[in-house]
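Chains as they are written, first to last, in the working numbering: chain A, 332 to 626; chain B, 332 to 626; chain C, 332 to 626; chain D, 332 to 626.
Hints are computed from structural coordinates only; laboratory data are not their basis. Glycine included, C-beta positions come from ideal geometry on N, C-alpha and C.
Heads up, incomplete: computed chain D residues facing chain A, CB under 8 Å, no partners named: (1) Gly522; (2) Pro524; (3) Gly553; (4) Ser626.
Listed next, the stretches of chain D that the computed footprint assigns to chain C, with coverage defined by at least 3 CB atoms under 8 Å from CB atoms of chain C: (5) 583-590; (6) 598-606; (7) 618-625.
Negatives, chain D to chain B, calculated, CB over 12 Å: (8) Glu345; (9) Arg446; (10) Gln498; (11) Pro558.
Number of protein chains: 4
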Amino acid sequence: MTTVSLDSLNAADEAQFVTALGDIYEHAPWVARAVYAQRPFATLAALNEAMTAAVRAAPREQRLALIKGHPDLAGKAARAGAMTAHSKAEQASAGLDRLTDAEFDEFHRRNDAYREKFGFPFIVCVRRHGKDSILRQFERRLRNDAAAETEAALAEIFRIVALRLDQRVEARDKLPVHGRLSTHVLDTHAGAPAAGVKIELLELSAGGERCLIASAVTNRDGRTDRPLIGGRPLPIGRYELRFHVGDYFARLGTPRADPPFLDVVPVAFAIAEPEAHYHVPLLVTPWSYATYRGS
Amino acid sequence: MTTVSLDSLNAADEAQFVTALGDIYEHAPWVARAVYAQRPFATLAALNEAMTAAVRAAPREQRLALIKGHPDLAGKAARAGAMTAHSKAEQASAGLDRLTDAEFDEFHRRNDAYREKFGFPFIVCVRRHGKDSILRQFERRLRNDAAAETEAALAEIFRIVALRLDQRVEARDKLPVHGRLSTHVLDTHAGAPAAGVKIELLELSAGGERCLIASAVTNRDGRTDRPLIGGRPLPIGRYELRFHVGDYFARLGTPRADPPFLDVVPVAFAIAEPEAHYHVPLLVTPWSYATYRGS
Amino acid sequence: MTTVSLDSLNAADEAQFVTALGDIYEHAPWVARAVYAQRPFATLAALNEAMTAAVRAAPREQRLALIKGHPDLAGKAARAGAMTAHSKAEQASAGLDRLTDAEFDEFHRRNDAYREKFGFPFIVCVRRHGKDSILRQFERRLRNDAAAETEAALAEIFRIVALRLDQRVEARDKLPVHGRLSTHVLDTHAGAPAAGVKIELLELSAGGERCLIASAVTNRDGRTDRPLIGGRPLPIGRYELRFHVGDYFARLGTPRADPPFLDVVPVAFAIAEPEAHYHVPLLVTPWSYATYRGS
Amino acid sequence: MTTVSLDSLNAADEAQFVTALGDIYEHAPWVARAVYAQRPFATLAALNEAMTAAVRAAPREQRLALIKGHPDLAGKAARAGAMTAHSKAEQASAGLDRLTDAEFDEFHRRNDAYREKFGFPFIVCVRRHGKDSILRQFERRLRNDAAAETEAALAEIFRIVALRLDQRVEARDKLPVHGRLSTHVLDTHAGAPAAGVKIELLELSAGGERCLIASAVTNRDGRTDRPLIGGRPLPIGRYELRFHVGDYFARLGTPRADPPFLDVVPVAFAIAEPEAHYHVPLLVTPWSYATYRGS
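Let the sequences and hints guide you as you build the complete structure.
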């Protein structure tokens, strides 16, 4: 993806500015144009707020047109290739490109019901959700009235835009759009960090699917070199961490039963706040363990 | 199953005694006959020890005949109906009657290899094992030499007999042939036992099967009214307890995230000692939990 | 102490009955006399309820006289030897006989203020309280109005009486007047109960005093043979359990640092419910521990 | 304290160099002089190693003279003011300046016994020890033979020197002479870091003294802004952390008993490795807590 620095945006002429940021709001280069005169922007946050304010200040019809310019989620557009590259990448992230035919039909039905009721497509910042969570969003938002739902659609657009800006523009500040999932394994039998423990992270779905989305091995400090999820929002949903402590204690030669009381320790939990830091550590001996939402 | 009291055995004449206990050792009423003269037996343990001693004191050929009198495990006998009722019920308990054709073939192959090497059938006290554990027994014992394996076969026969005696004979003492799996849920958020928590116990197999073998709801003291497994040996194998704490905290109205950080808490562990007490409790808040092998 | 069976009370004539129970209510044999006609009592609870009802049914003046018949707590009576034997033993239990001169003066002042305001002595079931807790009771109850405080004094008398009845009368049922403090040490390094751990229980006071009130050594199950406090109400107050786990792990030869990270583990907690069961266990390795109010 | 940069040492002439580092080894400027020719030193570690090597390479008599040049620990020197400023500050850190007369006599006796046996003063890097730990050192090292003890004395001198160098010389690298004691309070009732928890750190001595050496309040992340001990070796000894969680939960309005089950949570532990990181966190609800040596 091409990136651009905030400094060069501040130095750009209008045409360059709109070329660089015109697609940040879907099919709405007018938003970039509207904030051009406010340069220079001291921070990325200031640029983002200016664009948000421009949308809020636009006539109601223009805001509605902005909403209507978004593609149907998992709708015909997804299959017909009419989405912008941005939207395509974002929708893939929630597994929407891996829908079964039955799920595709279900999404389609809800999407149609939504469009029927509100007159515009269902918009959600999909990078913040797993598949189950998006389905729940449909259910909840279908109950809204038109005013509340217009506001909800705009709020989602602002989230989508913040993520796009954060990826597109290099600046000294970052927008608070990313979460982080980390872990730590402490061997309370030896009183030391547990190094070399294999960890898997699975995304669970209500239908019983279990999808491996990350794996890592703990380093000397009992941590993983990189967050299990980082540099993006954490998709709302259910997860399972699997800690392979049986192999770890076997390597250390720790006395154990046969078969060992603990082998792979599963920790199932849900993420509800995409922009938060979830720290889910494990304190473990061959006979006991504890876990918690840490910080 | 017909039971008999130790008192009436002590008062029986030889024919009655042998009728009552002749089938305790498979196809070997001579063992019962051999101990008849030692009546009265003060305890069931004394009766069991006397029978064990009689087997140990018998000529080598008679001990070998006793071993050879046992049915092939999961072998043709299982399908041909030639097993004693005892052996049938015992083998069912390890899921040996639910073998797939491929597994049946595998058991058959190992059984043949075993019989080929040792000249007698593979004997194991199946009530002490899950399916995976029996396969591991095959592997280990096939490496024995004939002397060690004859001893191993006898040890298994003594375990089988102790279980049969414990079921057949009513006495003031019990033979130490039973284990127990229990749990306890403590709500460390409220500082009280967690009542009404649904708990499921699954037996896991190496092949990925998950078989629900017990379920319960915690009582006012956070315990289950009965052990999750009790009154029998605990089959060696891997298990998963599933604690439905999400529903529990929802009923209490405890503040939680949406979706809740913890919903169903899985605790995976292995049982290695069939005659032991395994206590696997859960200390839980909406944000943390701990578990351990307790007592 | 002389005890009497409920059966013999049910069979007694009035003189015997009043001799046996006349002093249960302080200087008020009329209560025993009032319930004599209701014999037989099926349970001790029924006898206790009948006596409570008799007090409630008595004229207001008689109830007031009952209240006034109680000795001053820690007052001159305590030193002058005018208390009944019952009251003396009960007051000793809260350490009231070990008051320093300054504390004696303080109690005296509060007692006088109380008597000044309400016209009767301050009554509290001292076996349910530590010294600090009684001082807090003074503070709280001095703020009551006369009606509320008369009720409070009666409630305390009923508690005192229930304890006396429970000690005096042998019956199939027990009155729910006793609490229990127990513990359990689990070695989660070895996956087994910790046997042979020395445990001390100290009562702490706001003034910084630390009074050893019980000590025990864990048995094979990691428990103490008897509750640390049992067969009586648990005095409201602050306590510290001290678990000598350093010596325990040293005996086992568990690898540790020098000096060991954990030696004597102090667990400080308060008891607020005298009739409850407090279970305060320790899960411990040489490098970690957990404790909680269990059940 | 005057510091000097490694760069300026590398650029210094011999007189300047010896002036700057001549007192790093007690009364032994010859060590600085011996390494002068090896300039430039790429790192502080290289300088330290060079000085160590110079001592090791010196004639036996010179090494012995170096050892003999050190002051008696807590000896007459301490009171007569004959110690270098360095030694004075270091000895104060272990509380050696706060010895009672009895303790002073005891130290004196041991010191004399040591000097009697080995012919040189007892040397220990006092910043790595509490008072009890130094006494234990005396006991252990008095049992050594002369060769082992000469080596032990040199090892302590190298530790003393490394600390002096680390304080005196500014360089890009630091010598690994510092430890760190940190903590973290996690409220597992709320699933969040516990902010505003008052924490006290006490140093305990075998004689029962309890000396407050640090206090702090947790920040928004449940941590303290600075380590409880940092920027120096951790003195070997016993400590108690006191976490004021009662006040914390009261401020939050968390439902609790009266008095609250937990108020001030004491965590007693020992430090055995002066250069290590000790992380001693608390996971706490109003009814439970856990602690461990973390990382």
